[in-house]
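Got chain A sorted already, so can you dock chains B and C onto it with the hints?
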Amino acid sequence: MMEILEGSHAVAEAVRLCRPQVVSAYPITPQTHIVEALASMVADCRLDAEYICVESEFSALSSCLGASAAGSRVYSATTSQGLALMFEVCFNVAGMRQPIVMTIANRALGAPLNIWNDQQDSISLRDAGWMQCYAEDNQEATDLHFITYRVAEDHNVLLPAMVCFDGYTLTHTYEPVDLPTQEEIDAFLPPFKPYNTLDAKKPMSLGMYATPDYYMEFRYEIDEAMKRAKQAFAHAGREFAGQFGRDYSGLVEGYRLEDADTAFVAMGSLCGTVKDAIDEMRADGMKVGLLKIRTFRPFPSAEIRKALSGVSRVAVLDKNVSLGQKGAVALEVKDAVYGSGIDVFDYIIALGGRDVRKSDIRTIAGLAEKGIGDQYYGLRMEVL
Amino acid sequence: MALNVGCAAAPGRARDNRTGSWRVFKPTFRHETCTKCGLCETVCPEGCVKEREDGYFDPDYDYCKGCGLCAEECPADDIEMAQEEK
Amino acid sequence: MAEHECELFECGHRACGGCGPALAARLILKGTGENTIVVASTGCMEVFSTPYPETAWGVPWIHSLFENAAAVASGVEASLKKQGRDEHVVCICGDGATFDIGMLCISGAFERGHDITYICYDNEAYMNTGIQRSGATPYDADTTTSPAGKCSTGNKRPKKDLPAILAAHGASYIATASIAYPNDVVKKIERAVNTPGPNYIQIHAPCATGWGFEGAETMAIGRLAVETGLWVNYEMVNGEVEKAKKIVNRKPVEEYLMVQKRFRHLFRPERNVEEIAKIQAIADRSAAKFGIDVVLKKPE
Chain A
134 MMEILEGSHA VAEAVRLCRP QVVSAYPITP QTHIVEALAS MVADCRLDAE
184 YICVESEFSA LSSCLGASAA GSRVYSATTS QGLALMFEVC FNVAGMRQPI
234 VMTIANRALG APLNIWNDQQ DSISLRDAGW MQCYAEDNQE ATDLHFITYR
284 VAEDHNVLLP AMVCFDGYTL THTYEPVDLP TQEEIDAFLP PFKPYNTLDA
334 KKPMSLGMYA TPDYYMEFRY EIDEAMKRAK QAFAHAGREF AGQFGRDYSG
384 LVEGYRLEDA DTAFVAMGSL CGTVKDAIDE MRADGMKVGL LKIRTFRPFP
434 SAEIRKALSG VSRVAVLDKN VSLGQKGAVA LEVKDAVYGS GIDVFDYIIA
484 LGGRDVRKSD IRTIAGLAEK GIGDQYYGLR MEVL
Chain B
52 MALNVGCAAA PGRARDNRTG SWRVFKPTFR HETCTKCGLC ETVCPEGCVK
102 EREDGYFDPD YDYCKGCGLC AEECPADDIE MAQEEK
Chain C
6 MAEHECELFE CGHRACGGCG PALAARLILK GTGENTIVVA STGCMEVFST
56 PYPETAWGVP WIHSLFENAA AVASGVEASL KKQGRDEHVV CICGDGATFD
106 IGMLCISGAF ERGHDITYIC YDNEAYMNTG IQRSGATPYD ADTTTSPAGK
156 CSTGNKRPKK DLPAILAAHG ASYIATASIA YPNDVVKKIE RAVNTPGPNY
206 IQIHAPCATG WGFEGAETMA IGRLAVETGL WVNYEMVNGE VEKAKKIVNR
256 KPVEEYLMVQ KRFRHLFRPE RNVEEIAKIQ AIADRSAAKF GIDVVLKKPE
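Protein chains in written order, with the numbering used here: chain A, 134 to 517; chain B, 52 to 137; chain C, 6 to 305.
Pulled out of the complex, with its shape left as it was, chain A reads as follows (with noise of 0.2 Å):
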C-alpha cells in the first residue's frame, strides 16, 4: 500500500514486516526515528520482539550477536560515531557468520564532530566482512531490508548486512513507499534458521580460537561467501522483482549509460540529483549517464567494467575520503576498469553534508572532459 512516509519510518515497517525476534540498539542522530518508531511498534504490540535498550552501541551489537548465535533473528541500526564505536564488534560478527542486519543512517565522522550526511562510516567499514548496500530513495531503503535479510541468512552466505541510507537527505524526508503486506513478505522471506547455534540439546562452541593453521583459511572462507552473495542478491532481487515489482537484481543499476562518453559513478541519494542533472545535460545534447552502484560489498568489479565497456571517461563522486589517498569508491572503480584506457577521475564531494545541486553536477562534467579531476569539489577557498 502507498503511503506518505518519512524514510526512517518507512524503514521500521520494513524492519518489523520482516518479524526481528531482538531488537537491541543506541540512539544518535539521524538513526533515532528508526529505534524510536520500532520501539513504539513493541510497546504497541505491533512488533513482537524483545527489544534491548543498551548502553552503548558497542553493546548494541555485541548484545545482535548474542541474540542472534542463541537462534533469533535480529536488527540493530546506527550511523557515524556509533558505527565506530561497533568497529570491533563488526568483525567479529562477520568471523562468526552472523546474519545480522543493520541500517546505517550515513553521517560524517568526527572530528569535527557533524551530524549530517556523508559516508564515510559505513565505507570505514569495507573491510570488515559485512556486505553494503546503498539506497537511492525511501522505497530502495525499504525493499533493500527485505532482500538482505533473505541474502543474509542463505546458509551458502551467512554474512552480515548492513543497509546504508543518507542520514536527513532520507532518514528525514517524506516520500511516498509502497509497504508490502505482511502476508506478501511473509511469502519472500521465510522464518530464521540459524546455522550453529546456542543449544544446551546439541552443544557448539562458537568464537573458537584460530591458530595459524587454520586462521587464513577461515578468512579465505568469508571471502568466498561475499562472492556467494553476488549470486544471491542477484536471485533474491529477481524474485523481490517478480513478486512486487521493483527490480534490484542488479547489483548496479545503469542510467542513460548508452552512448555516453562521460560515466558518473555514485551511491545512494546523490544519484536522484545526477539523474536529474543528467536528464538536462542531454537535452543540451551532452553525452552523459549515470552508473549507480547498488552493493558496495560485495563489489561488483565485473558488472561495473561491463557497464562502463563504452565510456571514455568516468567521474567518480565520493562521498567518503580515504584520507592521504583517494576517494575510496574512486579507488575500486579504477581497479575494476584496469586496463580498459578508460580515464577515473575522483570527485571527494558533499563530505559532512555540503549540499550538491544539479549545477555542481554539470560543472564536474565539464571538469572531467577537460581531463581535471582526482581532487576536492566544492571547497570554500575563502575559509581556507
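Heads up, some of the hints might be wrong.
Mimicking BS3-like on lysine-lysine, the simulated pairs with C-alpha atoms at most 27 Å apart in a straight line are [unchecked claim]: (1) C/35 / A/335; (2) C/87 / A/335; (3) C/266 / B/77; (4) C/266 / A/334.
It should be emphasised that the hints constitute simulated quantities derived from the structure, not laboratory data. Nothing here was measured: the structure is a model prediction, and the numbers come from that model.
Just chains B and C now, kept in the frame of chain A:
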C-alpha cells in the same frame, strides 16, 4: 577435514590433546591409606581423576599433567609423587 | 551430573599444571549443570580451552571479544526469552575482562536486569598476556606493569570492590567464593543460576604462574587468602550481606604473602614492616566489615 563455518566446533575434541606428555612428576595412587573421600577427584584441574568400581580413585595418565595438587591435598597422604622416567 | 568419562569441562585443555581457573571451570559447570549456555571473554581460560577445533566445553559456549561478554549474554538471554527457552545464561570471565575492560557492558547488563549469572574467575592480573596488573590486583603485588623496584613496592592501589558496585546496580544475588572451598563454589553457583538475575559470583582462583608458587599449592594458597582475611567468602542478597565465612583465629597476612613470589619484595632484602602493616590493615578492615573473626582462647 572441512572447516566448520564461523570457527565453531562440537564438544569432545579437546581430548585429542593428550596433556599427559607434559608430566615431569607422576602421582601414584597407592590405595593403602585411602579413605575413598574423593577429594583428589574434586581438586584435579584436569578433571582426569576418576572413581573406579571398587570406590578407589585413579588418574588418567593420558591427561594428568603431574601438578601434584591431588597429592598435596590428599588427607590420607595416599598419593605419592615421583619423577617420571621417560 | 552423571559420573562418566566425559565431564562438561573436559580433559585435554592447555592450562598450566595446578591451574586455579581450570579447577574453577570444572566447579562452575558442576554447579550450572548441562542446561547452560556459557558466554566467555577473551582471556586465559578462553585460550587454554578452545583452540579450534579442540574445545574443552561440553555445554554450548560462545566467545566474542575481551570486553563484551555481558552484552553478548544480554542478547542470548533476550533471544531465549523470546523463544521460550530455559537454559541458564552464564558469563565466565577473568578479572581483567570484568574489573576493567568489560565494565561498560557489565554495568549495562546489570542495570537492565537480564536474567544472567556473571562469574568472574579472579586470578588478580592479566595472566594471558603475561601478568600485567588489573583493577583486581591486590595492593603491593608485583606484576609486569606494577613491578616492585627501588622506588616501588608494587601495585599502588587496593583491589576494586566490584561486588559492592554490582550490588549498587541492584543485583539479586552476589557471592564471593574460592576454589580452595570447592563445595562452597558449587553450592553458590547452583544458587545463582536458580535465582532470577542478574547475579554475580567472584571466584578467587590462584594462578601458580602469575603469583609465583608451585602448582601443587593452588588450594593451600587459596585457603591462606581466606584464613588471613585477605579474601572473604560471603553472600549478598538484594544488596545486604547475608552470610560471611567465619575465620577462627585469623592468621597474620604474612603467612599468605611470604609464600608467593609476587610479594617477595616485601621480605627481601629485608622485611618491609611498614608495607606489611598496610596489608594487614586491609585484612583487618575487611574482617571487621564482614564480622568474620572468631577468636578462641587457648586453655590456660
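Exercise for the section: Could you check the structure against the hints above and give me the numbers of any it violates, in ascending order? Expected result: The structure conflicts with hint 4 only, although it agrees with all the remaining ones.
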